[in-house]
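Respectively, the protein sequence lines represent chains A and B. The opening position of the first sequence corresponds to residue 17 in the numbering used here, with each subsequent residue numbered one higher. The opening position of the second sequence corresponds to residue 15 in the numbering used here, with each subsequent residue numbered one higher.
Worth double-checking, as some hints may not be accurate.
What the hints assert, rightly or not - Residues of chain B placed beyond 10 Å of chain A at every Cβ, according to the derived structure:
1) Ala48
2) Ala85
3) Gln199
4) Thr276
5) Asn391
6) Glu499
7) Gly730
8) Gly848
Claimed, not checked - Short derived list, chain A residues pointing at chain B, Cβ under 7 Å:
9) Trp29
10) Lys67
11) Val69
12) Gln113
13) Asn183
Worth flagging that the hints you see were computed from the coordinates, not collected in a lab. Glycine residues also receive a C-beta, built at the ideal position from the N, C-alpha and C atoms.
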Amino acid sequence: MISMDTRRWIESWPVFRQVAEHDPFGLGAAVKSRRTDQLEPRVRRADEVVKSVCPYCAVGCGQQVYVEAGRVTQIEGDPDSPVSRGRLCPKGSASLQLTTGDAREYRVRYRRPFGTEWEDLDLDTAMDMIADRVISARSTGWQSHFDGVRTRRTLALASLGGATLDNEENYLMKKLFTALGAIQIENQARL
Amino acid sequence: MAECHPVGFQWVMEAKARGATVIHIDPRFTRTSAVADRYVPIRAGADIAFLGGVINHVLNSETYFKEYVLAYTNASTILTEDYADTEDLDGVFSGLNREDRFYDFDTWRYQGGDVRPASGDRSDPDERPHVRGRVRQASRGEAHGSGGAAASAWPETDDTLQHPRCVFQVLKRHFARYTPEVVEQICGVSQEQFAEVCRLLTENSGRDRTTAFVYSLGWTQHTTGVQCIRTAAILQLLLGNIGRPGGGIMALRGHASIQGSTDIPTLFDLLPGYLPMPHAWGNEDLDTYVRAETVQKGFWANTRSYMVSLLKAWWGDAATAENDFCYDYLPRLTGSHSTYETVLAQLDGTCKGYFLYGQNPAVGSANARMQRLGMANLDWLVVRDMVMIESATWWKDGPEIQTGEQRTEEIGTEVFFLPAAAHTEKSGSFTNTQRMLQWHHEAVEPAGDARSDLWFTYHLGRRIREKLASSVDDVDRPVLDLTWEYPLRGSLDEPDAEAVLAEINGWDAEQHPLSAYTQLTDDGSTACGCWIYCGVHADGVNQAARRKPGQQQSWVAPEWGWAWPANRRVLYNRASADPDGKPWSERKALIWWDEEKGRWVGHDVPDFIADRPPFFRPSEGATGPAAISGVDPFIMQADGKGWLFAPAGLVDGPLPTHYEPQESPFPNLLYGQQHNPVRQLLRHPENRYQPSGDQPGADVFPYVTTTYRLTEHHTGGGMSRFLPYLAELQPAFFCEVSPQLATERGLEHLGWATVVTARSAIEARVLVTERIRPLEVQGRTLHQVGLPWHWGPNGYTTGDAFNELAHLALEPNVHIQEVKAMACDIRPGRRPRGPALRELVRRYQERAGITDETGTEV
Numbered sequence: 017m018i019s020m021d022t023r024r025w026i027e028s029w030p031v032f033r034q035v036a037e038h039d040p041f042g043l044g045a046a047v048k049s050r051r052t053d054q055l056e057p058r059v060r061r062a063d064e065v066v067k068s069v070c071p072y073c074a075v076g077c078g079q080q081v082y083v084e085a086g087r088v089t090q091i092e093g094d095p096d097s098p099v100s101r102g103r104l105c106p107k108g109s110a111s112l113q114l115t116t117g118d119a120r121e122y123r124v125r126y127r128r129p130f131g132t133e134w135e136d137l138d139l140d141t142a143m144d145m146i147a148d149r150v151i152s153a154r155s156t157g158w159q160s161h162f163d164g165v166r167t168r169r170t171l172a173l174a175s176l177g178g179a180t181l182d183n184e185e186n187y188l189m190k191k192l193f194t195a196l197g198a199i200q201i202e203n204q205a206r207l
Numbered sequence: 015m016a017e018c019h020p021v022g023f024q025w026v027m028e029a030k031a032r033g034a035t036v037i038h039i040d041p042r043f044t045r046t047s048a049v050a051d052r053y054v055p056i057r058a059g060a061d062i063a064f065l066g067g068v069i070n071h072v073l074n075s076e077t078y079f080k081e082y083v084l085a086y087t088n089a090s091t092i093l094t095e096d097y098a099d100t101e102d103l104d105g106v107f108s109g110l111n112r113e114d115r116f117y118d119f120d121t122w123r124y125q126g127g128d129v130r131p132a133s134g135d136r137s138d139p140d141e142r143p144h145v146r147g148r149v150r151q152a153s154r155g156e157a158h159g160s161g162g163a164a165a166s167a168w169p170e171t172d173d174t175l176q177h178p179r180c181v182f183q184v185l186k187r188h189f190a191r192y193t194p195e196v197v198e199q200i201c202g203v204s205q206e207q208f209a210e211v212c213r214l215l216t217e218n219s220g221r222d223r224t225t226a227f228v229y230s231l232g233w234t235q236h237t238t239g240v241q242c243i244r245t246a247a248i249l250q251l252l253l254g255n256i257g258r259p260g261g262g263i264m265a266l267r268g269h270a271s272i273q274g275s276t277d278i279p280t281l282f283d284l285l286p287g288y289l290p291m292p293h294a295w296g297n298e299d300l301d302t303y304v305r306a307e308t309v310q311k312g313f314w315a316n317t318r319s320y321m322v323s324l325l326k327a328w329w330g331d332a333a334t335a336e337n338d339f340c341y342d343y344l345p346r347l348t349g350s351h352s353t354y355e356t357v358l359a360q361l362d363g364t365c366k367g368y369f370l371y372g373q374n375p376a377v378g379s380a381n382a383r384m385q386r387l388g389m390a391n392l393d394w395l396v397v398r399d400m401v402m403i404e405s406a407t408w409w410k411d412g413p414e415i416q417t418g419e420q421r422t423e424e425i426g427t428e429v430f431f432l433p434a435a436a437h438t439e440k441s442g443s444f445t446n447t448q449r450m451l452q453w454h455h456e457a458v459e460p461a462g463d464a465r466s467d468l469w470f471t472y473h474l475g476r477r478i479r480e481k482l483a484s485s486v487d488d489v490d491r492p493v494l495d496l497t498w499e500y501p502l503r504g505s506l507d508e509p510d511a512e513a514v515l516a517e518i519n520g521w522d523a524e525q526h527p528l529s530a531y532t533q534l535t536d537d538g539s540t541a542c543g544c545w546i547y548c549g550v551h552a553d554g555v556n557q558a559a560r561r562k563p564g565q566q567q568s569w570v571a572p573e574w575g576w577a578w579p580a581n582r583r584v585l586y587n588r589a590s591a592d593p594d595g596k597p598w599s600e601r602k603a604l605i606w607w608d609e610e611k612g613r614w615v616g617h618d619v620p621d622f623i624a625d626r627p628p629f630f631r632p633s634e635g636a637t638g639p640a641a642i643s644g645v646d647p648f649i650m651q652a653d654g655k656g657w658l659f660a661p662a663g664l665v666d667g668p669l670p671t672h673y674e675p676q677e678s679p680f681p682n683l684l685y686g687q688q689h690n691p692v693r694q695l696l697r698h699p700e701n702r703y704q705p706s707g708d709q710p711g712a713d714v715f716p717y718v719t720t721t722y723r724l725t726e727h728h729t730g731g732g733m734s735r736f737l738p739y740l741a742e743l744q745p746a747f748f749c750e751v752s753p754q755l756a757t758e759r760g761l762e763h764l765g766w767a768t769v770v771t772a773r774s775a776i777e778a779r780v781l782v783t784e785r786i787r788p789l790e791v792q793g794r795t796l797h798q799v800g801l802p803w804h805w806g807p808n809g810y811t812t813g814d815a816f817n818e819l820a821h822l823a824l825e826p827n828v829h830i831q832e833v834k835a836m837a838c839d840i841r842p843g844r845r846p847r848g849p850a851l852r853e854l855v856r857r858y859q860e861r862a863g864i865t866d867e868t869g870t871e872v
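Okay, chain B solo, but in the shape it has when bound:
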């Protein structure tokens, strides 16, 4: 955190100054480790084993927060008899279809009530396995990023937590084998150090104290990424650290509006506000969509209002009740269409035109070589950026030109480079990592041909609509009926960004701005471009532009910017009070029930129905928000509870399980199952996988490589390698290795090393440092190789891109690549030039016996 989010880290240091203990768990010793109270080096790819060990400790030592767990989690919920755990099936759950590589979730259910599957796993309308597999691939788990997927609202429970099939007992059984000995063997963390972390965590959790977890891509970029966060969520729920001040699990994100571009998604599987993109199977019309995506209880029960209001925002008067509000105008998914499938579609010629908006896949995306080969097979490419990034210039001087595989005059891709405006040259809002929208104002107009992406998108749409204006083809109706009138400003005809924000916020039938998503209706009288952002333009005021100085506000600072939803700063903060509505302790008070006022009050905006008393209990059969009881803090969940066991929403298991990375020098010590059985594999000659564990050839790649960021650079380097200041501060691509590994492989400090995988080989300057420590794993010494990922051939500081090494084996819920833990070899000296580079890689593949089948077992 001190490396990558240094200004945010000031608050960790404030907490430390006030007595907090800071623990840093990371394969690499960083600026964070340097100021932490404890530093725990760990093997990359072993986090679930570590956190699972802590869960096991918490359950065995009975140090969980009993009242919180009983009242606010699904610990007492009873599962059906059909559920079989990894304990029963040697590392997989019931429902695994090995042939088509997906899970049927029918057995991961609560007993009693309506057990119809809902959101995340909803609707298997088609019985054919390959179709069901395709529905899984469309990220049905990812939809609902603003809350949970559905499950039955009225399940059977056992408040004594003794029922053998209650979640609490299932959890105990599931994690029983995650012992300190196992943690030591898998993670390379000593039992003493592990015990100390357990002690510090449990001592600092409870009524008077809370513990926060902070993570970033170190947890997510794995074939088990989502389950890693789930493990932390289970632990934090057990310790009572969710919805409370100083608690939580904080995702630190790396782009200014990465949160915003997920909320208002430039993502294939989502519509604004985490409404799922319609799927071809099961979402044929508005009614089937709503039936499939709606849950019984909580605020997702109003899905129809959110969807109809979105359709009204997009298609205005054309959207009527008679035509399903133009629902049929939406394109449908039939599987995963993530950025990596798009590359395959480019390689096979299906995808012909490609827009890049400030992203640089030629060096920044996994398997960079495949990214470039895909672009070389396009008809046309539009690159919008501020500088000449590698994704704009690969046809002239890219690595494939260097190896002689491609010749510029034989590449048919037409390339348009359009200069983009900087943040100082346009107005608009970023949503930061805390879900807070902050407006930035245009300081000057962009010079030359530089334009904002708002300008580009608006005027492109305007031109397309003009060209199609006379069309009578039904296919063109969605484009022609689109609401596309925005006021234009200044000498460049810049669309008014605040008018776009006003549409995102929404309005009623009289065009008055809405102030809360609870006002949305399903009759077409409200329009709203993103229901979770409703309120950001309440009263016609740009709430995101509020800048009352922090010094003049409470510590919550509610009048700086605007956080979704409803300006709530701590989600699920009903859990900061006990079941009776009183703070768990004065020290940790955030919101509480005020008996006199008959309302929830406190420092933050209550994330709860404001006047619903703690003692309220809904009548059986109540639906929607009316079904939320006074002790259901998790108002977006179908049962109102925090999920220790996830009966829906995840495609790879209701509980986290340790699997080895796609490429690992070690067998899975815990189960016969080596890998995540439903990880997504993309078979392609340019994407060969390596053997793992005990398989023959695995010893050709004996080390683990992991990638990370540096304070002085940003992501793929497009916003840092081109700046002289930053280039000078971190002037060269390097690899970090321990003195022991340097000796073992003859690597010289400041000399060159070549790192090899089955995809490619790259060279880096050698940094011999004790920051990377050898670990004892499964009875032998493991060396790890650290590689920052910011480099590429262009800019003031140049170097090979880490992503040349990376494979595409993806996490099955969100399709994230596993770049945090791969197996590699390292050798002294520079990499070969020209055709010899590919020859080296081919020889490695041959030595390891790699075929198109390697690494693809279930």
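This is chain A alone, in the form it adopts within the complex:
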């Protein structure tokens, strides 16, 4: 009589399993190693799956953002999306690297006039300095009339960009800059 151990040993042979488990070519469960068996999707431990949209082109593929312990751990296509049906292109598939990659800057950098290097600057200070510069440039470039007609504008301020941003961001930008009298407000519409 074959002992249980021997039996288990024989039954663990891939060739035995190929026959016993109806996997004659050894392409399925019969050849799965213990390590493979224990592998799990990296998204399984996510605390939360957040619905999102790919930030690259304007097709608008659906994305699912996996969050674990307050960090984004994976971004995948959203199968629910009638636009993309779960697919992402090479760029969309690289979104995790876009959002969490090493190239990202997380600190304000400041270059003073005629400076040769970046310097550190506190965000609050930077915001205050920028607000001062906007007020000053606005006033320097103020033009109440042009060629005899009323213009009520400033030509010293300009802004470029918006097509990679949200509608709500574009809205506040247009609203604020227009109220300031700035007209040279443009984005990537021609690119």
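Model the placement of chain B on the given structure of chain A, informed by the hints.
Here is chain B on its own, set in the frame of chain A:
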């Protein structure tokens, strides 16, 4: 499309699997060509000649969709006797002012009815030509992106289409010279291949079948860009392919919310919802603005309601009927103030401070060198981005430092780099290329100093308002009276994006959310930040965040996101039914008139007045939506019809015409007029143009270069060159050349080549490939050089920027640069380093005899 919008392309492949024929027309053989049924190589810059040839074929062979054309287009409308065509004037239209380089449109009019010029070309209140030219430059054509400009609502017509001045006959005459022989000579497309495309298009259009066109910047980045789309629009109207399922002309756009940032525009010439920015001449107060911008018929007749509601959203209680709802708070235009004029303003010292929000002009904008020189002349620059793009670092290591033209310690620009939040770190909506808004939710808060642009803009505005709070200067009232209170959330005081969306949607006097733009009023009782987005927050619900799985919905998927206007997915879909309201065929049914219910019903939301019967005819003199007849599908157009002939709205002609690019090795075979006569030229020593056609010196730049994108990179590279995965997939800047050109110029595969124009010279790795085919054009062989535009000096993969080569000669309606077709030279080896680079460019200019006048003829 397979290259740049691969996931969208799955639907083309679905259609192909169901029997659709896919035709790809492109100078370069791409992943799209590889799976298309037909691939047609074409000379860059020859698209209007090609499409014009198809129009000529359709008219001659009478394969247009007769019932559709007669009922839904302006084919039968009669023009005034004053109109003169390019046929009469050797390539220009009547009204050309050669001295000030603009068109007077008075002669491009319908006969009869009220012929007062409206929207696009409205109001020439000032008789001085230079002022009229300035009004033209302010993109009066671009305003009305959500619909058409105005024309007379009740013109004379001839339903037999025989009147010599009816649009149909004018169209026939205009395109008669676009023969297959001419197409072959201009485009380099054989007559056999052209005939086959014509056959496939016409056989696949009509009651039972529809054809769609898909385009991108390959059509738009030309000095004739808008007219190129117009040519396709004329063709699609003739074939009955607009407003019907499987039809249309699809613009595939390259940024996640490029559509949204046009609808809610960070653009100089527009206010939200395609309301034009006020012009200093003719828009002095609310009444003159409304008079100038309103049309008689259709939904643009309610311009006053849209404008007053916008002013109420921005200035709240301060905006009253007595003070014109603060209309006077708006700054005025006096000409073009596009991004390229802004560069000139930086160079001349007028523009002192510059914000960059996720855009990288140092490599991504045309004539990149001028962009950097402009930034080097600023007082201060604020760069908001996720990575250290070239626009943030040019003062340290840019090309002008390399050539020795500039020294870091002599550049006075103060630079602030503020790290931006990623899309996963903020909530908000993107509007995709199909006009559909989709909400993305914040997954985590941004780390370190990274903040959303919503945060930056809100808190910047808050600080400015606090600093100005005690001001009594009238100039500061618009800032201080601005409605700027948004709920703040989280540990970073992030403004609530949904509260901003609610303002965009609008509310009534009781602060209840509006559900449709038809509720907007002009008495100040409604506020709405963008009238075409009204309904996106209907019932106080974020409609853009709807995510009912596609599998659980119809093929229209109306409950995924929200499309403007009114969640309609196919614009002008009234045209999917015949004049009696029945689908043209069961196979192509989309919406139809339900006699019993007395309403339009169907798969999509009807883009029509829901209860207006097909047999309804307005009484003469009716205005606004009441003037829309039951057979006027184009409800935003002043006459309710699709425009074969555009009597208004375009500054460079009512019909498309083939002109050669600003820089072309060929003369214009069709007319004596070489270029678009009203193209916008920016004269500057750093923006020299090359000679063209038969002019002496044109042979110094014998090849055509065109630029394009790769699947693995994104625009100027700021979101791709800094990612190791993507950098590895496309690791080097390269030029694509044919084996024949490689032999002609001694270029070695995988070696280096230098490409030269009158602006600069760049180097690229050589990719010798049959993907770029030599073409026979006007009796000689033309070689084209392909250059992707994603590169720059920073990131994991680096290379010269294509935009160093590009000039600024702009399309006159929308000020787009002509980077899709320029003339160049190519030579083996790397480009010179140091001062020798500028010396090489100078020598080329000298050889070609280039002066400040070259290429600037009308």
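Worksheet item: Once the closest CB in chain A is found, is it more than 10 Å from Gly730 of chain B?
Response: Answer for Gly730 of chain B: violated, closest chain A Cβ roughly 8 Å.
Discussion item. Would the non-interface assignment of Ala85 of chain B survive a Cβ cutoff of 10 Å against chain A?
Written reply: Since the minimum Cβ distance to chain A is about 32 Å, Ala85 of chain B lies beyond 10 Å and the statement holds.
Item to complete: Verify that the Cβ of Thr276 of chain B lies farther than 10 Å from every Cβ atom of chain A, and report whether the claim holds or is violated.
Response: Its Cβ does come within 10 Å of chain A, the nearest being 6 Å, so this is violated.
Discussion item. Verify this label for me: Glu499 of chain B is non-interface relative to chain A, using a Cβ-Cβ cutoff of 10 Å.
Written reply: holds, 12 Å
Discussion item. Can you verify the interface hint for Trp29 of chain A: is its Cβ closer than 7 Å to any Cβ in chain B?
Written reply: Violated, because the Cβ-Cβ distance from Trp29 of chain A to chain B comes to roughly 40 Å (cut-off 7 Å).
Item to complete: Using Cβ atoms only, decide whether Asn183 of chain A comes closer than 7 Å to chain B, and label the hint accordingly.
Response: holds, 4 Å
Discussion item. Next item in the hint list is Gln113 of chain A. Is there a CB on chain B closer than 7 Å to its CB?
Written reply: holds, 5 Å
Fill in: Beyond 10 Å from each Cβ of chain A, as asserted for Gly848 of chain B
Label holds. Min Cβ-Cβ 20 Å, cutoff 10 Å.
Fill in: Least C-beta distance between Ala48 of chain B and chain A, which was stated to exceed 10 Å
holds, 16 Å
Worksheet item: Gln199 of chain B clear of chain A by more than 10 Å, beta carbon to beta carbon?
Response: Holds: least Cβ distance 30 Å, greater than 10 Å.
Discussion item. Take the shortest C-beta to C-beta distance between Lys67 of chain A and chain B; is it under 7 Å?
Written reply: holds, 6 Å
Discussion item. Next item in the hint list is Val69 of chain A. Is there a CB on chain B closer than 7 Å to its CB?
Written reply: Holds: closest Cβ of chain B sits about 5 Å from Val69 of chain A, inside 7 Å.
The earlier numbered hints that this structure contradicts are 4, 7, 9.
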